[in-house]
Each structure stands twice: as structure tokens, then as C-alpha cells.
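Here my numbering is used: the first residue of the sequence shown is 98, the next is one more, and so on.
Because the hints were derived from the structure by calculation, they are not lab data.
Heads up, the beta-carbon is just placed ideally off N, CA and C, and yes, glycines get one too.
Check the hints yourself; a few may be wrong.
Said to hold, decoys possible - Result set (DSS-like, lysine-lysine): computed pairs, CA atoms no more than 27 Å apart in a straight line:
(1) K149 to K100
(2) K278 to K224
(3) K224 to K265
(4) K115 to K204
(5) K204 to K224
(6) K278 to K204
(7) K149 to K204
(8) K278 to K265
(9) K265 to K204
Claimed, not checked - Computed spacing ranges between beta-carbons, pair by pair:
(10) R313 to L186: 23 to 31 Å
(11) F211 to E133: 25 to 33 Å
(12) V122 to R313: 16 to 24 Å
(13) I216 to R156: 39 to 47 Å
(14) A309 to E271: 15 to 23 Å
(15) V122 to A242: 40 to 48 Å
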Amino acid sequence: KGKNAVILHNQVGADSPKDELDVLVQVEAIGRSLAELGYRPVVVPFSLDVDKALRALRRAAPLFVFNLVESVAGDGRLVHMAPALLDHLQLRYTGSGQEAVFVTSNKVLAKRLFQQAGIPTPPWMEKGSPPGAGAAAASAPDDGAGTYLLKSEWEHASNWFDDGSVVKAGSIAELRAALEKRNSGGSRFFAERYIEGREFNQAILAGEFLPAAEMRFVEYPE
98 KGKNAVILHN QVGADSPKDE LDVLVQVEAI GRSLAELGYR PVVVPFSLDV
148 DKALRALRRA APLFVFNLVE SVAGDGRLVH MAPALLDHLQ LRYTGSGQEA
198 VFVTSNKVLA KRLFQQAGIP TPPWMEKGSP PGAGAAAASA PDDGAGTYLL
248 KSEWEHASNW FDDGSVVKAG SIAELRAALE KRNSGGSRFF AERYIEGREF
298 NQAILAGEFL PAAEMRFVEY PE
């Protein structure tokens with residue numbers, strides 16, 4: 098058991114979307130790498146049955162855990178449950194701690210913290226922002242005119258993003274109406290000002306900046 102290394106991933110089924118099924122490819126690749134390094138990979142799925150994962154982790158008694166959990170039961174709002182459990186068990190694991198995972202999973206909360214720290218972030222409007230408030234807690238134009246993206250507050254990447262997510266508003270009232278319509282199903286979406294330009298993914302490992310990776314959408318429709 099002394100050489101066990103757990104690969105913890107969100108539990109997926111045959112009916113799971115492709116972006117979630119992709120985690121199984123990652124599990125296989127990481128398992129091969131760990132085996133080549135002399136570790137014994139132990140795969141543990143993580144679901145709402147937290148006690149099941151807890152028992153599996155205790156049985157494995159790993160040296161460390163490779164945390165691949167990006168959602169729980171298909172819900173990005175619960176992603177912090179995995180590092181919270183690992184902290185509870187006092188296990189070492191890859192990736193950020195539960196506080197950082199929670200803060201960065203909620204896009205609006207992260208934007209507020211950016212703003213408080215003096216880091217520029219595009220103007221936005223939240224669900225339930227009062228009339229005349231513009232983009233809540235942000236310096237949006239008073240008239241609200243411009244192109245905005247309607248994004249899920251919790252889900253990562255472009256989940257729930259489609260053609261209706263791009264709004265060209267002529268006024269703050271139009272923007273608010275589009276946002277309220279998007280939130281009519283009980284979900285949590287916010288409107289963020291669109292910025293033209295290239296997109297980069299900047300990873301940081303142990304305080305060191307890794308080479309920037311550009312996100313290129315080369316085969317997508319206009």
C-alpha cells in the first residue's frame with residue numbers, strides 16, 4: 098500500500114456528455130505515467146455518495162491523490178466537495194485547495210475579488226441587479242449598449258453556451274431582459290461584456306508561471 102497513488106475523478110456514465118467522458122481518457126493516461134514512475138495507481142470515482150469515496154480512499158491509504166474532479170453529479174457548484182474531503186482525510190493532492198476551487202468556480206465571486214484586488218475584469222450584470230444599477234458591482238456603461246456574453250455562474254468552460262448566449266444590447270433594459278429570460282429556468286447566468294481579441298490559458302504551478310497556451314477556435318462557424 099505504501100506506493101499507492103489514487104486517481105480521483107468525477108463519476109461518469111454512458112449517458113454523460115463528451116466533455117465529462119473525457120476524464121476517463123485522462124485517468125488512463127495518468128495511470129500509465131504513475132505506473133512508469135513506480136506507483137500503484139488506484140482509480141476512485143467521486144459522486145454524491147461521498148461516504149463510498151471516503152471508504153475507498155481509506156482502503157487505498159495513498160501517498161497522494163491526483164484530483165481530476167471537475168463536477169459532481171454533473172453540477173459544477175459541487176466541485177469543491179472533492180478537495181474538502183481530501184482535506185478532511187489529511188491527504189496530499191494535486192491542484193488547488195477547497196477555498197481556491199470554490200472561489201474560482203463561481204465566476205461572479207471571482208470577478209468581485211479581482212475588482213477588489215485592482216485586477217481589470219470586464220463589466221458585468223448579475224441576476225436580480227436592481228434597475229439603474231448598470232452591471233452590478235462593475236463599471237458597465239450606463240446605457241448598457243454593446244455586445245455581452247450570457248455565461249453560467251458556476252459551470253466551467255463553455256457549458257450551456259450556445260447562439261443565444263451572445264446578446265447585442267442597445268440599452269441596459271434590453272440587457273436585463275435578455276438576462277432574465279436566460280435565468281427563467283432557475284439557473285444562474287450573468288452577462289459579461291464581450292472583449293475582442295485572442296484568448297490564452299495561463300497555468301501557475303507552485304508559484305511559477307508555465308508557458309501560456311492559446312485557445313484557438315479554428316474550425317468553428319462564425
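So, going through the hints one by one against the coordinates:
1. Note on K149 and K100: the hinted pairing holds, with a Cα-Cα distance of about 22 Å set against a maximum of 27 Å.
2. Our distance criterion of 27 Å between C-alpha atoms is met by K278 and K224, whose separation comes to about 10 Å.
3. About 18 Å separates the Cα atoms of K224 and K265, which keeps this hinted pair within 27 Å; it holds.
4. This hinted pair checks out: K115 and K204 have alpha carbons roughly 23 Å apart, not beyond 27 Å.
5. The hinted pair formed by K204 and K224 meets the criterion: a straight-line CA distance of about 13 Å does not exceed 27 Å.
6. Pair hint K278 plus K204 holds up; C-alpha atoms about 20 Å apart against a cutoff of 27 Å.
7. Pair hint K149 plus K204 does not hold up; C-alpha atoms about 30 Å apart against a cutoff of 27 Å.
8. Proximity of K278 to K265 is assessed by CA-CA distance (about 15 Å); at most 27 Å being required, the pair is judged to hold.
9. Of the supplied pair hints, the one linking K265 and K204 holds, its CA atoms being roughly 21 Å apart against a limit of 27 Å.
10. Range check, R313 to L186: about 40 Å between beta-carbon atoms, so the 23 to 31 Å window is missed.
11. Range check, F211 to E133: Cβ separation about 40 Å, and the 25 to 33 Å hint is violated.
12. Range check, V122 to R313: about 21 Å between beta-carbon atoms, so the 16 to 24 Å window is met.
13. The given range of 39 to 47 Å is respected by I216 and R156, whose C-beta atoms sit roughly 43 Å from each other.
14. One distance hint, 15 to 23 Å for the beta-carbon pair A309 and E271, is violated here, with the actual separation near 36 Å.
15. Our hint of 40 to 48 Å for V122 and A242 holds, since their Cβ atoms are close to 44 Å apart.
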